[in-house]
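Q: Take a look at the letters that make up each chain.
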Amino acid sequence: MAMKFEKTGDGTYELDVCGYVCPHPQIYTKKSLEKIQEGDVLSVIFDNPSSKETILQMIDQGGHELLEDKTEGGKMYLKIEKA
Amino acid sequence: MENVEKRNQFWAFLITGVLILISFLYYSANVYYIYLIVYIWFGYAYGMMLQYGRFCFASASRDLFAAGVPRMAVGIMIALIFFSVVEAILETSHLSTFHPAPFGIHMLFSGVIFGVGMVLSGGCASGSLYKVGEGNMTSLIAVIFGLCLGQAAFVDIGGVFNNFMPQSWVDKAMQTQAAIASASGVHIPITSWFDHYLVGYVWNQPQFTIAKLMSGGNPTGIHFFIGNAFINAILPAILLLCVIYYFYSRKIFIKKKKKALKKQGLPETTGLKDEFEGMWAMITASSRTSIMGVLVGLTAGLHILTMAAMQKKFGVTNFGTLLKRMGHFEDVSLKGTVFDPGYWYITSQEGQLGAWIFEKFGWNMHDNMFFGYVNGLPELWRNPALWMSLGIVFGAMVMARLQNEFKFKVPSPELLMWGFSGGLLMGMGSRPSLGCNIGAFFIRAAGGDPNGWVYGIGMVFGAFLGVKFFNWFTERKMAKEMESF
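Heads up: the protein sequence lines correspond to chains S and X, in order. Mapping to my numbering: the first sequence position 56 is 56, numbers consecutive. Mapping to my numbering: the second sequence position 18 is 1018, numbers consecutive.
Pulled out of the complex, with its shape left as it was, chain S reads as follows (with noise of 0.2 Å):
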């Protein structure tokens, strides 16, 4: 279990932080937005409950796009456009 943050394609990017409690994956999922450019997309994959209600607000409050959010097998999943 370690963090990693990958470029998949053009403009699109992956940060898995499963196995992280908080406030590891609230900050990546900060730090990795400020790496990427507008319009990048960014897939953030985490397993700790208590951060998702952090990242939702901190997408709303820099008026990111969400365009997907879904649990599967106890793992949260988030699909970002960053504005």
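Careful, some of the hints might be misleading.
[As the list claims (entries may be wrong)] Each computed PhoX-like pair below joins lysine-lysine, with the alpha-carbon atoms no more than 20 Å apart:
id, chain 1, residue 1, chain 2, residue 2
1, X, 1407, S, 70
2, X, 1312, X, 1324
3, X, 1259, X, 1273
4, S, 75, X, 1006
5, S, 4, S, 35
6, X, 1273, X, 1262
7, X, 1251, X, 1262
8, S, 7, X, 1480
9, S, 79, S, 52
10, X, 1480, X, 1468
11, X, 1273, X, 1256
12, X, 1407, S, 75
13, X, 1251, X, 1263
14, S, 4, X, 1477
15, S, 79, S, 4
16, X, 1257, X, 1273
17, X, 1255, X, 1273
18, X, 1477, S, 7
19, S, 35, X, 1468
20, S, 52, S, 75
21, S, 4, S, 75
22, S, 4, X, 1480
23, S, 7, S, 35
24, X, 1335, X, 1324
25, X, 1407, S, 52
26, X, 1273, X, 1258
27, X, 1477, S, 35
28, S, 35, X, 1480
29, X, 1313, X, 1324
Read the hints as simulated data drawn from the structure, not as lab findings.
Based on the hints, put chain X in the right spot on chain S.
A: Same frame as chain S, now just chain X:
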């Protein structure tokens, strides 16, 4: 998926059923244990609410500084406002168990240490407990090694550490020891650094609430409402909400508002009404946190009322008296008491658990003031406040199971390090202040004790330092990950 849901529901009902059974067993053993049962179920209620609302004091300042998210800071202010009103009603009705703590600069330093710790470990004292209930074993490391064992060792260490104590504290502690011995025949144990600090310094600091200051010592309803609730809790909470709105929410809200006005072909001007609308939008942005803020505040008040009723029913002011009536003299301290706050509290009982464990390995924990004279060291199953902490863990576990969010997570070596170091700092930061984010900040700020805010300021500053360190650490890791881009 359906099987997972059914299994989670089964566990939720099983845990609740076992707690009901335990409650019946206690009641059938002795009616005095109702006192302890009340703690179990208030703990259970807190646990459910904390988990549902993701209610963590660490998150309040950490997410604000690190991610610009005000959700939790807003939730805490709401809880504080509601709790302070209920507390004022209870004080007016002489049904409160609240007591202020010795006031001083020690609260600030203690808060800073605790604040750093809660950011590193990923949860405050109460937040760590509810996260244990979610299956987060990093939080368990913080609780066991920091809040339990670390805290117990912290108050019992003497030897070379005693040399760092100011002579005035040592002299005062010795004078107090002699005075108590001559007055009651009890020789108080002053062996550790903490004993000197407690008896030689803390006990000599003034204890007051705003209501007492306003009234000259005899507060009535008006003083409790105006002084304790309004001046010490509601006003600062509203001011903080305004500050948080201005720095963290206003810009994006006004931007969105102007965009909407432009779309409608209206002039892009905003006024005071829009600012109120923006404040309300911030408060309701995370409805589950804000609603839980209201419920946590009301429940904390109801808890005080229930404990006061229990004390009146049995004619006692501390559970230690009931333990003695049941013949458990070995559980109580030299003055016949055990730790029994009478309201929501977290860390002292966890220190007792740590001390209980150390004693099983032969470390005498009765030879200090904290356990030996003030709080006692009851057997685990007769420790009322410890049952409240267990109640929080199990209440959170039930809620996490019902929401299919329970996941047993074994920490990696990295998280182990964060949990351990943060937990130790939280343990160290909750003892000099005689409380943590709940006992030292939340309860005191709502009860009219300015100490709560002194601790709160320290806690927020500590969280700021913790976030700085965390940012530096995570930035390095991100840079490493991005090398291949």
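Q: Taking the hints in turn, state whether each one holds.
A: Verification of the supplied hints:
The suggested pairing of residue 1407 (chain X) with residue 70 (chain S) holds, with an alpha-carbon distance near 17 Å, which does not exceed 20 Å. Taking the CA atoms of residue 1312 (chain X) and residue 1324 (chain X), the gap is near 17 Å; set against the 20 Å cutoff, the hint holds. Of the supplied pair hints, the one linking residue 1259 (chain X) and residue 1273 (chain X) holds, its CA atoms being roughly 17 Å apart against a limit of 20 Å. The hinted pair formed by residue 75 (chain S) and residue 1006 (chain X) meets the criterion: a straight-line CA distance of about 18 Å does not exceed 20 Å.
Among the hinted pairs, residue 4 (chain S) with residue 35 (chain S) is consistent with the structure: their alpha-carbon atoms are about 14 Å apart, no more than 20 Å. This hinted pair checks out: residue 1273 (chain X) and residue 1262 (chain X) have alpha carbons roughly 18 Å apart, not beyond 20 Å. Restraint check for residue 1251 (chain X) and residue 1262 (chain X): the C-alpha separation of about 16 Å stays at or below 20 Å, so the hint holds. With a CA separation close to 13 Å, the supplied pair residue 7 (chain S) and residue 1480 (chain X) stays within the 20 Å bound.
Between residue 79 (chain S) and residue 52 (chain S), the direct Cα distance comes to roughly 13 Å. Compliance with the 20 Å bound is thereby established for this hinted pair. This hinted pair checks out: residue 1480 (chain X) and residue 1468 (chain X) have alpha carbons roughly 19 Å apart, not beyond 20 Å. Of the supplied pair hints, the one linking residue 1273 (chain X) and residue 1256 (chain X) holds, its CA atoms being roughly 15 Å apart against a limit of 20 Å. Distance restraint check for residue 1407 (chain X) and residue 75 (chain S): the Cα-Cα separation of roughly 10 Å lies within the 20 Å cut-off, and the hinted pair is therefore satisfied.
Distance restraint check for residue 1251 (chain X) and residue 1263 (chain X): the Cα-Cα separation of roughly 18 Å lies within the 20 Å cut-off, and the hinted pair is therefore satisfied. A threshold of 20 Å between alpha carbons decides the hint, and for residue 4 (chain S) with residue 1477 (chain X) the separation of about 10 Å falls inside it, so the pair holds. Restraint check for residue 79 (chain S) and residue 4 (chain S): the C-alpha separation of about 16 Å stays at or below 20 Å, so the hint holds. Proximity of residue 1257 (chain X) to residue 1273 (chain X) is assessed by CA-CA distance (about 12 Å); at most 20 Å being required, the pair is judged to hold.
Proximity of residue 1255 (chain X) to residue 1273 (chain X) is assessed by CA-CA distance (about 15 Å); at most 20 Å being required, the pair is judged to hold. For the hint linking residue 1477 (chain X) to residue 7 (chain S), the alpha-carbon distance of about 15 Å falls within 20 Å, and the restraint holds. Note on residue 35 (chain S) and residue 1468 (chain X): the hinted pairing holds, with a Cα-Cα distance of about 18 Å set against a maximum of 20 Å. For the proposed pair residue 52 (chain S) and residue 75 (chain S), the alpha carbon gap of about 11 Å is at most 20 Å, so the pair holds.
Restraint check: the Cα-Cα separation between residue 4 (chain S) and residue 75 (chain S) comes to about 15 Å, which is no more than 20 Å; the hinted pair holds. About 10 Å separates the Cα atoms of residue 4 (chain S) and residue 1480 (chain X), which keeps this hinted pair within 20 Å; it holds. This hinted pair checks out: residue 7 (chain S) and residue 35 (chain S) have alpha carbons roughly 11 Å apart, not beyond 20 Å. At most 20 Å may separate the alpha-carbon atoms for a hinted pair to count; residue 1335 (chain X) and residue 1324 (chain X) meet this at roughly 11 Å.
A hinted pair counts as satisfied when its Cα atoms are at most 20 Å apart, and residue 1407 (chain X) with residue 52 (chain S) qualifies at roughly 15 Å. Under the criterion of a C-alpha separation no larger than 20 Å, the hint pairing residue 1273 (chain X) with residue 1258 (chain X) is consistent with the structure, at around 14 Å. Under the criterion of a C-alpha separation no larger than 20 Å, the hint pairing residue 1477 (chain X) with residue 35 (chain S) is consistent with the structure, at around 13 Å. For the proposed pair residue 35 (chain S) and residue 1480 (chain X), the alpha carbon gap of about 13 Å is at most 20 Å, so the pair holds.
Under the criterion of a C-alpha separation no larger than 20 Å, the hint pairing residue 1313 (chain X) with residue 1324 (chain X) is consistent with the structure, at around 17 Å.
Violated hints: none; the structure is consistent with every hint.
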